[in-house]
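Chains as they are written, first to last, in my numbering: chain A, 1 to 550; chain B, 1 to 912.
Treat the hints as calculated values from the structure; they're not laboratory data.
Check the hints yourself; a few may be wrong.
[Said to hold, decoys possible] Covered stretches of chain B, as calculated for chain A (at least 3 residues, CB under 8 Å): (1) 18-24; (2) 45-51; (3) 170-182; (4) 415-428.
[Stated by the list, open to error] Dumping the calculated BS3-like pairs for lysine-lysine here, alpha-carbon to alpha-carbon at most 30 Å: (5) Lys146(A) <-> Lys188(A); (6) Lys542(A) <-> Lys130(B); (7) Lys340(A) <-> Lys122(A); (8) Lys146(A) <-> Lys18(A); (9) Lys482(A) <-> Lys209(B); (10) Lys285(B) <-> Lys893(B); (11) Lys767(B) <-> Lys209(B); (12) Lys132(B) <-> Lys501(A); (13) Lys146(A) <-> Lys352(A); (14) Lys482(A) <-> Lys131(B); (15) Lys132(B) <-> Lys486(A); (16) Lys131(B) <-> Lys542(A); (17) Lys534(A) <-> Lys131(B); (18) Lys18(A) <-> Lys48(A); (19) Lys486(A) <-> Lys534(A); (20) Lys131(B) <-> Lys486(A); (21) Lys285(B) <-> Lys209(B); (22) Lys209(B) <-> Lys534(A); (23) Lys146(A) <-> Lys16(A); (24) Lys188(A) <-> Lys431(B); (25) Lys132(B) <-> Lys482(A); (26) Lys132(B) <-> Lys534(A); (27) Lys212(B) <-> Lys486(A); (28) Lys501(A) <-> Lys893(B); (29) Lys130(B) <-> Lys501(A); (30) Lys188(A) <-> Lys18(A); (31) Lys132(B) <-> Lys542(A).
All residues carry an ideal CB built from backbone N, CA and C; glycine is no exception.
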Amino acid sequence: MTLSIEDLEGIARIEKDKRESFTYQINVCVAAGCLSCQSGVLKEAFEKEVSRRGWENWCSVKGVGCLGLCAAGPLISIQPDGTYYRGVGAPDVSEILESLGGAPIPRLDCASSRPFFEQQPKIVLENSGRIDPERIEDYIAEDGYKALYNALRMMRPSEVIEQVLASGLRGRGGAGFPTGVKWTAVAKASNGNKFVVCNADEGDPGAFMDRSILESDPHRVIEGMAVAAYAVGANTGFIYVRAEYPLAVQRVRTAISQARHLGVLGNNVFNSQFSFDINVRLGAGAFVCGEETALIASIEGRGGRPRPRPPFPAEFGLWGQPTLINNVETFANIPPIIRKGGKWFATIGTEKSKGTKVFALAGRVNNTGLIEVPMGTTLREIVFQIGGGIPGDRAFKAVQTGGPSGGCIPEQFLDMAVDYESLASVGSIMGSGGLIVMDDTSCMVDVAHFFMEFCMSESCGKCVPCRVGTSQIYHLLNRITKGEGKLSDLDMLEDLSDLLKNTSLCGLGQTAPNPIMSTLRYFRDEYVAHIEEKRCPAEACKIHEAREAV
Amino acid sequence: MVTIYVDNMPYQVREGQNLLVACLSLGFDIPHFCWHPALHSVGSCRLCAVKIFRDENDTRGRIFMSCMTPATEGVRISINDPEARHFRASVIEWLMLNHPHDCPVCDEGGECHLQDMTVMTGHVYRRTRKKKRTYSNQNLGPFINHEMNRCIQCYRCVRFYRDYAGGRDLDVFGVHSRVYFGRLEEGALENEFSGNLVEICPTGVFTDKTFKKRYTRKWDLQTAPSICVHCGLGCNTIAGERYGTLRRILNRYNGQVNGYFLCDRGRFGYDFLNSDRRVREPLAKTGQGSGSTALEPISADEALSRLVDIVQNSSRVIGIGSPRTPLEANFALRDLVGEENFSSGMAQAEQDLVSLIVHILREGPAPSASLRELESADAALILGEDLTNTAPMMALYLRQSVRRKPMAVVNELRIPGWLDAAVRGAVQGNKGPLFIAAPIAAGLDDVATETYHAAPDDIARLGFAVAHELDTQAPAVVDLPADRHALAVRIAAALREAERPVVVSGTSSMSPAVIQAAANVAWALHSRGRQVTLSFVAPECNSLGVALMEGRSLEDAIEMAERGQVDTVVTLENDLFARAPRDLVDRLRASCRNFVVIDHCLTGTAEVADLVLPAAAFAESQGTLVNNEGRAQRSYRVFPAPDPIGESRRWLSKAVMARARGRTEEWESFDDLVTRMRQALPVFQPVSNLAPSADARIVGRKIARQPHRCSGRTAMLANVSMREPPPPRDADSPLSFSMEGFQGISPPPLNPRYWAPGWNSAQSLNKFQEEIAGPLRGGDPGQRLIEPRDNGGREYFNAIPVAFSPSDDEWLILPSYHIFGSEELSALSPAIAERIPSAYVAIGEEDADLLGMSEGMLARVEIAGAAESLPARIVADLPRGVALLPKGLERLKGLAIPVRARIGKAVQAEKS
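Modelling step: build the complete structure from the supplied sequences, incorporating the hints.
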């Protein structure tokens, strides 16, 4: 017995009816950030208190995915009022319940962060903070698995790919390769069993977009993978996720078993000829395993070391078979594209970069958390409106995008519209979506030093430029941050960075010098100050201590 | 062919190869580390960078790794572009950051690829001031020394050891700048080819531990082309000497034979030559009257006069030759004693097997495969051989052959065959057909499609059945069990599908039926139009050569002696106790008046001789060996053995002169002896074409065995005599025992070493090849003596043995083989000796239950009345009724295996 559209709609109807029967919904964030500040306890407290008062029939309490403003957790949202409370604790429960229908409690209200919640037209995160990630019914109520139904029953695989091509969606893993083109390549590959792989090996320091999506809306990714598998002709999928994301792993596993149980994964999905199943593979935390050939090696059970491309995984991937590898966010974009059409998606964003982008906004900014903005939003909007500006109204210095592979963008580009091309033109990359704001207390040499240390220790050790070059650059930076540098070191840094970029085997080494190259380009004076004046303009480096120790 | 432009000059190169290979073949110097001609490209060292330009108007270009870029029509590259040069120098600088710069105390110094590449790229000045990273080293056993600090992480070692040689116990550990190449824990490297790490490693991480004990710089070694004497394959080697001791063996490339590699027995077995078992002066039983039987040293003159005396006063002399001795010495003996009195020195059973092999290879139609050809076979059937232990290099190449068929995928995917990571990914674990039928699990079982463990008769029956499946003209096997028949059908199907199948068998099972079955399979395949080759394992380095002389068997000779018609027996480099039961040899000894032994080691046979003449061993003598393929190859003296040690044929020439009583000396020189041999035995006609004759000169000079940088020429013997002696003369070859002479690229059979300006390491080989991994410039040395007759009307063998039936009270004893221990000479080398297992008797699980035996328990093995107690080894898949005794191990020498034996629990000595 397979699932029919009537079944799907039936589930959605029941779920919606149930929702409508409640006057108030209290959505407690149970993603990893808020859980770590006891939102689980908070949710229980709400449930207990609601049942003590006997309000169960008109007030629901629901665990939901990420609400975005992660630094201010635990967060709750109250619907239909649209009130957001921050830093809520169990002692606040009664007071909140009392206030239902009245004015929000000023002490807890996120009023000052209003733009954060309101200026984000969400596509990928549309269900985050709204549905219970552990219930497939909740997802179905939000048109879940309708895209898969549409694809399987109303479209040929080539038509699915046409929609993706028309949408202009580009890979959200960082490089921005057109997704439809990649799908076409895999679909064209003629040999053997094909595979679809979801790259959830999010390793950038400070980035948690993929984790949040998997924790908040795992079915969206599964649906996206299933559509992709149908389009390219694969029957098996893998989600390669870091073992450091236990909650994401658990929710994905729950979601897969629910999907299998319901029949959206398995044989003859929606009574079609299409069969598909997904396996979860855990990564052991090596950054380089996000590189697709290393990821393949890791899934195959070998050491995670990249190999030279070509051949590309689209022709020659997992176990030598054509393999489609996309990032979590890319797959999460697929269901709405199929439901609403590629043309709709293409209306959002800039000329060459369509749709929205999820960023993990962090650093010296008031509203730290997960945001989703249309491509083309300016850095100023992101930092000063959604991000709420810099704490203490200090001077903005730079934003760092793209994690260890990205660069630092100085103030003069604040009004630049963010897309793949513009970021590249200023020496950074889109990357997977880390966005770190820095003010005048951040030392750019220290930032470069930090990222280079990361790249050095995450290098797999296979090719020489990356293995040795990163450590060489790190040691030069180390010297400079200690006040022991020489001016000639800067030339050497540029020289080494250039070599590393041009000659490393995989993306890790090729992009590792970006933080250095961009800071050398825009903040050379800081390097010079460290070297010539033996001082750190931001007073972040411990030059004095180092000198005194000598 | 396509045209590529290197620094704006056009060159024609083969299409599809990578630019690094193309440029090296053209003679350009492109530095490289991780690429190895046998391991191909992985693009991880980033040293072989060149500039590639879009077209002639492109002046900027881009840096590419030449090893990862195919040579396509019109591609324009620059090796000398300043940016590319700068990049390569930077890579070397990076690699040298943590390198200890300990060249003066490093064994690799002077033949170090890292040194060469550093100089080649022009990196001269160390800029970094940070501390170097260090590692601890491991004890990797008696062969290989480990010094991890020198490592530059090129990954060649693990790629060779794991991917190529199938080893499991060497791996890479750790990440980023702390990757470590070693074993999980200390211990001897288990793989049989670990010695190749010495040459694979571009610097001094893995070095030769046996060499270290008597270390000499490469430039101080006197070297000469040699042939390995430790199995029947005839791998080409370079042997090196200084101060009268043989110091080490390196691989000598032969595109038809051993290619780039050697096995550990061949590399480390040389040390018998320096062992205390060497006979360094003539020995004789003196004081005949007093009945003394001890051998005592005598002077060379006295030895000679005794020898002359003996041969002059003997009416009939029997000569017992040896399959581990070159043709020329065997022929000299044959010349001394006459054709009818010459024995090959092989026991009857072995001689029959080797003669059968010669017969099969001659009658054809399937020709014998060269060792290197095995690599390109796309299907293989092995009958009755444990190749890893009997002919290790054959196992190494067959291990590569299983990738041949799955490689078809690679072509479909349009992945170049040299793109190693992608190729291994495409091939995955897929293996082409390789079937092994042998008594027990062998070293190649891990890559086999199917294995069948049975007694030799059953192996032969399977082979005959396969042949019948392929060609119904071949005799059918009656009463073959259904499962066996199904296996035969599967094997036949796989072989039939192949284009270049190979059938491998040999003498190890001591069964003519197995060899005949292999021939039937090959002939049946040939009748089906397949380019099938046969490859037989020969027991020793000159087994085929001596078999071609068609002498008597050992038993025959002994019988002749016993009939009382013989005064004197001359045994040439042969330990008869290792070949025949003790009592038989004792009878031989008792039946003759004079028992003369010419040998380089004091064997059991030498110990019972009246006169022992000290012979030169392989690196001290010149000669021709015929390998398992039927290929004759020349081995040269590396150094003249110190007096009074003499080459066997020299002693024999004295005896011939004495015996001929005034006959003019017909073979004073080596070339004369070869000429005479060719006249007497036409099969050896091609032997004179193996190498230039002794009077050959290059621009008027001999070829110098010592490199032009050899040091200490005038001082080496100063402790003996202040006068500088003239270098020893070599009348037998165009090589000189001196640094004077020709130093350039010599004809391949005479090439004493690999060296080219700027290339001091073994990697300089690329300057000696016509193209990378192709034949040597001037042709690969060696000449095949045996080719199948053009249209020989052969008939299938039809003596199909009956199925083996085990009995309850008697076991069929078969030999088991050990790479370390089963060959008598290498076993005398201390490093090899450390790896020799102790003696045992192997029985199957079922038999163990029957006997109530468990692993390690003492078993009493009774053969023909003589009993021996041995610890039992229980082998899971050994067929019922079969037991194995390790060949060549001490206490087990000379057993006439196969034989029936009684086995039971040994009665433990009562504890008092």
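The hints, checked one at a time:
By the rule of at least three residues with a Cβ nearer than 8 Å to a Cβ of chain A, the coverage given for the region 18-24 of chain B is violated, with 0 such residues. Only residues whose beta carbon comes within less than 8 Å of a beta carbon in chain A count, and the region 45-51 of chain B has 4; three or more means the coverage holds. For a cut-off of 8 Å, the count of residues in the region 170-182 of chain B with a CB near a CB of chain A stands at 7, and the three-residue condition holds. With a threshold of 8 Å between beta carbons, the proposed coverage of the region 415-428 of chain B by chain A holds, since 8 of its residues qualify and at least three are required.
Under the criterion of a C-alpha separation no larger than 30 Å, the hint pairing Lys146(A) with Lys188(A) is consistent with the structure, at around 26 Å. A C-alpha spacing of about 20 Å is found between Lys542(A) and Lys130(B), which places the hinted pair at or below 30 Å, so the restraint holds. Of the pairs offered as hints, the one joining Lys340(A) and Lys122(A) holds, with about 14 Å between alpha carbons and a cut-off of 30 Å not exceeded. Taking the CA atoms of Lys146(A) and Lys18(A), the gap is about 20 Å. The hint holds against a cut of 30 Å.
For a cut-off of 30 Å, the pair hint linking Lys482(A) to Lys209(B) is broken: about 45 Å separates their Cα positions. Distance hint between Lys285(B) and Lys893(B) is fulfilled; the C-alpha atoms sit about 25 Å from each other, no more than 30 Å. Straight-line distance between C-alpha atoms of Lys767(B) and Lys209(B) comes to about 28 Å, which keeps the hinted pair within the 30 Å bound. Our distance criterion of 30 Å between C-alpha atoms is met by Lys132(B) and Lys501(A), whose separation comes to about 24 Å.
This hinted pair checks out: Lys146(A) and Lys352(A) have alpha carbons roughly 28 Å apart, not beyond 30 Å. Under the criterion of a C-alpha separation no larger than 30 Å, the hint pairing Lys482(A) with Lys131(B) is consistent with the structure, at around 16 Å. With a C-alpha separation of about 21 Å, the suggested pairing of Lys132(B) with Lys486(A) holds against the 30 Å cut-off. Between Lys131(B) and Lys542(A) the CA atoms are separated by roughly 22 Å; this keeps the pair inside 30 Å, and the hint holds.
In summary, the hint linking Lys534(A) to Lys131(B) is supported, as the alpha carbons are separated by about 23 Å, within the 30 Å threshold. This hinted pair checks out: Lys18(A) and Lys48(A) have alpha carbons roughly 20 Å apart, not beyond 30 Å. At roughly 10 Å between alpha-carbon atoms, Lys486(A) and Lys534(A) fall within 30 Å of each other, so this suggested pair holds. Distance hint between Lys131(B) and Lys486(A) is fulfilled; the C-alpha atoms sit about 18 Å from each other, no more than 30 Å.
The straight-line distance between the Cα atoms of Lys285(B) and Lys209(B) is roughly 39 Å, outside the 30 Å bound, and the hint therefore fails. Proposed proximity of Lys209(B) and Lys534(A) is contradicted: the alpha carbons are some 52 Å apart, above 30 Å. Using a Cα cut-off of 30 Å, the hinted pair Lys146(A) and Lys16(A) holds, with the two alpha carbons roughly 15 Å apart. At most 30 Å may separate the alpha-carbon atoms for a hinted pair to count; Lys188(A) and Lys431(B) meet this at roughly 27 Å.
A C-alpha spacing of about 20 Å is found between Lys132(B) and Lys482(A), which places the hinted pair at or below 30 Å, so the restraint holds. A C-alpha spacing of about 27 Å is found between Lys132(B) and Lys534(A), which places the hinted pair at or below 30 Å, so the restraint holds. Restraint check for Lys212(B) and Lys486(A): not satisfied, since their Cα atoms lie roughly 44 Å apart, outside the 30 Å limit. Proximity of Lys501(A) to Lys893(B) is assessed by CA-CA distance (about 65 Å); at most 30 Å being required, the pair is judged violated.
At most 30 Å may separate the alpha-carbon atoms for a hinted pair to count; Lys130(B) and Lys501(A) meet this at roughly 23 Å. Among the hinted pairs, Lys188(A) with Lys18(A) is inconsistent with the structure: their alpha-carbon atoms are about 45 Å apart, more than 30 Å. Between the alpha carbons of Lys132(B) and Lys542(A) the distance comes to roughly 25 Å, so the proposed pair stays at or under 30 Å and holds.
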